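**Q** Chain order of the listed sequences is A and B. Per this note's numbering, the very first residue in the first sequence carries number 1; after that it's consecutive. Per this note's numbering, the very first residue in the second sequence carries number 1001; after that it's consecutive.
Hints are computed from structural coordinates only; laboratory data are not their basis. Predicted, not measured: the structure shown is a model, and the values here were computed from it. In this text, a Cβ means the ideal position worked out from N, Cα and C, and glycines have one as well. You can trust all of the hints, since none of them are fake.
Stretch by stretch, here's where chain A covers chain B in the computed footprint (C-beta under 8 Å, at least three residues): (1) 1038 to 1046; (2) 1085 to 1095; (3) 1100 to 1107.
For each label pair, taking beta carbons as the anchor points, the in silico distance ranges come out as: (4) Thr13/A to Glu1066/B: 44 to 54 Å; (5) Arg112/A to Arg1107/B: 11 to 21 Å; (6) Asn51/A to Pro1079/B: 42 to 52 Å; (7) Ser1003/B to Leu116/A: 28 to 38 Å; (8) Gln50/A to Ser1014/B: 43 to 53 Å; (9) Pro1112/B to Arg15/A: 40 to 50 Å; (10) Gln50/A to Pro1079/B: 37 to 47 Å; (11) Ala1053/B to Gln84/A: 44 to 54 Å; (12) Glu1064/B to Gly3/A: 17 to 27 Å; (13) Gly85/A to Pro1079/B: 36 to 46 Å.
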Amino acid sequence: DTGVSQNPRHKITKRGQNVTFRCDPISEHNRLYWYRQTLGQGPEFLTYFQNEAQLEKSRLLSDRFSAERPKGSFSTLEIQRTEQGDSAMYLCASSPISAGGSNEQFFGPGTRLTVL
Amino acid sequence: AQSVTQLGSHVSVSEGALVLLRCNYSSSVPPYLFWYVQYPNQGLQLLLKYTSAATLVKGINGFEAEFKKSETSFHLTKPSAHMSDAAEYFCAVIGNNNDMRFGAGTRLTVKP
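Just chain A, with the same shape it has in the complex (with noise of 0.2 Å):
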């Protein structure tokens, strides 16, 4: 299989506990962005990478947030000190970068984070 894959698919924590996901992409795509979806909304996006630098933050990317793609290749998105707030679908994707800008986003099954 040669789509994105995300480790692991359900994660239950405690308040508090910090919590460390894992995205693999597509292996030729440069691009890897990592998107928070709460129930009953659409994915937001919080971060992106091109290659191993991160080229932007969304404001909801707080400083508990951190994200490394070391080699470009896959990325870990880490939450310290977890908040019930924090629950929500954890989503990866990444794209090739193409010319005019219209690229298209390939995503992952999703990380599901539920914060007791």
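Position chain B relative to chain A; hints supplied.
**A** Same frame as chain A, but now just chain B:
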């Protein structure tokens, strides 16, 4: 700034009936527009995209959408609904930061 608005959070149709899901966009530059479908507990799958090559865009599973600049719309249609079309549908536009900006979604229910 680019944004999209989906009209109607729930749409219900009978099997075999026309499906029409509405999306209006706001953009100061020619937009890149997308429709995605999401089944329960899954990621998003691209149905179709508009990149200015043609105003009528055909996608997978019999869906199509028409870009209408005068109406700032990009509505999604399918002539005949199938039970397997029941899902959440999201309209999206590419933003200034290469982020994808989504609408709130429309849940499609198909009645037998």
